[in-house]
Amino acid sequence: MLLSIKDLFVTYGAIEALHGISFDGEEGGIVTLIGANGAGKSTTLWSIVRQIKEMGGKVDSGSMEFKGEDLSKYSPHDVVNKLGITLVPEGRRVFSNMSVLENLKIAAFGRKDKEDVAQDLERVFGIFPRLEERKSQLADLLSGGELQMLAVGRSLMNRGSLMLLDEPSMGLAPILVQELFGNLATINKEGSTILLVEQNAHLALRYTTKAYVLETGTITLSGSSEEVGKNPEVKKAYLGG
Amino acid sequence: MKHRNALLLVILLALALTACQKTSDNLVVGTSADYPPYEYVDEAGNMAGFDIELMAEIAKRMDVKIEWQDMPFDSLIQAVQEGKIDASISCFNYSEERAQLVDFSDPYHTSEDAFIAMKDFTKKFTKAEDAANYKLGVQSGTMQDEWITEELIETGLMSESNLSRYERVDQAALDLKAGRIDILMADDVPAGVIASQDDDLEIIYKEMLYTGPINIVLPKGSADLQAEINRIIAELKAEGFIEKLAIKYFYE
Amino acid sequence: MDFAKFFQYIASGTAYTVGVTLIALPFGLVLGLILSLMHVYGGKFLSRIMAVYSTIMRGIPPIVLLFILYFMVSGNINLSPFWAGSISLGIVSSAYQMEIIRGALLSVSGSQMMAARSIGMSRMQAIRHIIIPQALRLAIPPWSNEAAIVIKDSSLVYALGVPEVLRRAQLISASTQEPFLAYITAGLIYFALVFITNRLLNRLEKRLAIPANP
Ligand SMILES: Nc1ncnc2c1ncn2[C@@H]1O[C@H](COP(=O)(O)OP(=O)(O)OP(=O)(O)O)[C@@H](O)[C@H]1O
Ligand SMILES: [Mg+2]
Numbered sequence: 001m002l003l004s005i006k007d008l009f010v011t012y013g014a015i016e017a018l019h020g021i022s023f024d025g026e027e028g029g030i031v032t033l034i035g036a037n038g039a040g041k042s043t044t045l046w047s048i049v050r051q052i053k054e055m056g057g058k059v060d061s062g063s064m065e066f067k068g069e070d071l072s073k074y075s076p077h078d079v080v081n082k083l084g085i086t087l088v089p090e091g092r093r094v095f096s097n098m099s100v101l102e103n104l105k106i107a108a109f110g111r112k113d114k115e116d117v118a119q120d121l122e123r124v125f126g127i128f129p130r131l132e133e134r135k136s137q138l139a140d141l142l143s144g145g146e147l148q149m150l151a152v153g154r155s156l157m158n159r160g161s162l163m164l165l166d167e168p169s170m171g172l173a174p175i176l177v178q179e180l181f182g183n184l185a186t187i188n189k190e191g192s193t194i195l196l197v198e199q200n201a202h203l204a205l206r207y208t209t210k211a212y213v214l215e216t217g218t219i220t221l222s223g224s225s226e227e228v229g230k231n232p233e234v235k236k237a238y239l240g241g
Numbered sequence: 242m243k244h245r246n247a248l249l250l251v252i253l254l255a256l257a258l259t260a261c262q263k264t265s266d267n268l269v270v271g272t273s274a275d276y277p278p279y280e281y282v283d284e285a286g287n288m289a290g291f292d293i294e295l296m297a298e299i300a301k302r303m304d305v306k307i308e309w310q311d312m313p314f315d316s317l318i319q320a321v322q323e324g325k326i327d328a329s330i331s332c333f334n335y336s337e338e339r340a341q342l343v344d345f346s347d348p349y350h351t352s353e354d355a356f357i358a359m360k361d362f363t364k365k366f367t368k369a370e371d372a373a374n375y376k377l378g379v380q381s382g383t384m385q386d387e388w389i390t391e392e393l394i395e396t397g398l399m400s401e402s403n404l405s406r407y408e409r410v411d412q413a414a415l416d417l418k419a420g421r422i423d424i425l426m427a428d429d430v431p432a433g434v435i436a437s438q439d440d441d442l443e444i445i446y447k448e449m450l451y452t453g454p455i456n457i458v459l460p461k462g463s464a465d466l467q468a469e470i471n472r473i474i475a476e477l478k479a480e481g482f483i484e485k486l487a488i489k490y491f492y493e
Numbered sequence: 494m495d496f497a498k499f500f501q502y503i504a505s506g507t508a509y510t511v512g513v514t515l516i517a518l519p520f521g522l523v524l525g526l527i528l529s530l531m532h533v534y535g536g537k538f539l540s541r542i543m544a545v546y547s548t549i550m551r552g553i554p555p556i557v558l559l560f561i562l563y564f565m566v567s568g569n570i571n572l573s574p575f576w577a578g579s580i581s582l583g584i585v586s587s588a589y590q591m592e593i594i595r596g597a598l599l600s601v602s603g604s605q606m607m608a609a610r611s612i613g614m615s616r617m618q619a620i621r622h623i624i625i626p627q628a629l630r631l632a633i634p635p636w637s638n639e640a641a642i643v644i645k646d647s648s649l650v651y652a653l654g655v656p657e658v659l660r661r662a663q664l665i666s667a668s669t670q671e672p673f674l675a676y677i678t679a680g681l682i683y684f685a686l687v688f689i690t691n692r693l694l695n696r697l698e699k700r701l702a703i704p705a706n707p
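Protein chains in written order, with this note's numbering: chain A, 1 to 241; chain B, 242 to 493; chain C, 494 to 707.
The following block holds chain A by itself, in its conformation from the complex (with noise of 0.2 Å):
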């Protein structure tokens, strides 16, 4: 198994936001976390990349491994450099201030290989043509749909093996969101696993093979996501009937 949770327990301050969940990530598999507002989605991301503490959140107990290493003894940024997990944060959190293509070179900061950046690069910009045609454009006057584009795009420049996406459609006209999980199955296809955390049930059952589905804090069904996809309760209360 690439990866690994059991038994998470994750609290802010007095308020437990996860109760002991457990779930796994095949290798290249795409895997989807699904949950209302306020299940712990994003608390689970945070706690993968080591970040949860910046929250305000602590681990209390539990294991995360990757590739069968204890993520617990890695730095955030070692959880990126060191193992390639890279998060594609919840709100498209861009460099603001800076061009699309700083935006892009800059998550390539640590590596030396300048010629596979490039060559990465050339990918980014094969999987979203729409970041070439805006290379030298402020990001923070991209539309919402072009900054999801550069937030999946940067976190490629990293060439992670394992990639975290959090609510990637929020606030995405359906089209755009089409767009983007088709590009997110082609990097799929490409080689990287993908973990994504949806509220869009209906999207993130159709682009996964595996689903979980989360509710306040405790994993309450999963299997393959044309199952899950048919429970009637996940029907219910997450597809609209």
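It is worth saying that the hints were derived from the structure and are not from the lab.
Check the hints yourself; a few may be wrong.
[Unchecked claim] Below, computed lysine-lysine pairings styled on BS3-like, alpha-carbon distance capped at 30 Å:
hint : chain 1 : residue 1 : chain 2 : residue 2
1    : B       : Lys-365   : B       : Lys-418
2    : A       : Lys-135   : A       : Lys-105
3    : A       : Lys-53    : C       : Lys-537
4    : B       : Lys-306   : C       : Lys-498
5    : B       : Lys-418   : C       : Lys-645
6    : B       : Lys-418   : C       : Lys-498
Since chain A is already given, all that's left is putting chains B and C with the ligands on it; use the hints.
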């Protein structure tokens, strides 16, 4: 490369500027060169005046090179006290407060207090205290300032709001002409210069109040320097040198 | 009166005015940057101290600070009035520059720090590579204001005996009884210096800015 040149320029400029500052064996003498005819800069931009020429002669007889340091009058006493300069000659009158901070040489000249007004001033002014009835101007920190403060304001003869304190006498003269003050009180020598340069102004009254003898200011505990300067002042007085200087600067 | 000499005498103070500014401004920038970083990222204790520093330094008239720093701090070290004045002015300016950079840091910070962490930067790397460059870019317009203030405040070192433009205007005004001409000349020199500086900084700002519509 460009940046390096800029840095070099800054360093060179700084070095060039520091080169003009206090070095070693020279006698660094402070003065506030905005008080003609005692001390001022001449057309060539050099220090000139009664005090300047006198001090130059004293230094010559001491066989030291003099290095002038101009600074505002208010800063001079403190600069002497902190050892930033070795001595100061800037028309200083003796006072007990000043004597607690610095030492004085023997007096080298004696001056009076003068009151200047516009020529068309016709109101009553027969004794110094009459000044209390008018809007007054004075250079701050001078003996005249002290006299007004102690004899007119603290005694209740006038309110402080009727007194304007100026950094320099020439500023006060401008306000006098503009009508913002009625009377300007100053040392009689610079007052004479102002009155002679400006046809609208004249000295209406003179008296020796707090002023009087003027002295060179020295750091506390510089007895050797003080003794030598006093000896030379006595010598210059005996030779008539100081009198000649006074005529040159004050009465010609 | 010889007008050429009159102007030349005042104008020759420009070297001092420029010199004081060229020392005070960068000195204040480096100090201000360090202090603002301590203020924003140094934790509660340092942040408190910086806030106090800023309040005190900005609450006292520059001329008073100049005297205190010159006579007290440099009382034992024999600094020339020029250097002591320039450095003192730089210290005064550091409090203002700290506030300018702090404002810029805060307006970049938050989400940018998160974004930097998620591309694998450590806190220090994020501050160095992401936060500072963007903050400095944002700080240029308010900073050019401060540059103009320092140019004008450089006249304060006259109180320590540096023969810069203003002091020369005072001296020549006292000896020639031409205060209006003397101060107009000084005013024009300051205006020219501020004008040129603002022009240069505007250019810098434009060069560093990213075109909105390439
Ligand atoms: N910094 C924090 N301090 C205190 N409580 C927090 C903090 N961040 C999140 N929480 C709480 O933890 C719970 C889980 O939050 P989380 O952000 O992980 O939810 P989410 O599933 O990502 O929701 P959304 O879909 O709205 O983004 C919520 O009840 C939330 O209020
Ligand atoms: Mg969330």
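For each hint, the structure was consulted:
1. Lys-365(B) <-> Lys-418(B): Between Lys-365(B) and Lys-418(B) the Cα gap is close to 19 Å, so the pair holds against 30 Å.
2. Lys-135(A) <-> Lys-105(A): 11 Å, holds
3. Lys-53(A) <-> Lys-537(C): 17 Å, holds
4. Lys-306(B) <-> Lys-498(C): 27 Å, holds
5. Lys-418(B) <-> Lys-645(C): 29 Å, holds
6. Lys-418(B) <-> Lys-498(C): At roughly 27 Å apart (the allowed maximum being 30 Å), Lys-498(C) and Lys-418(B) satisfy the hint.
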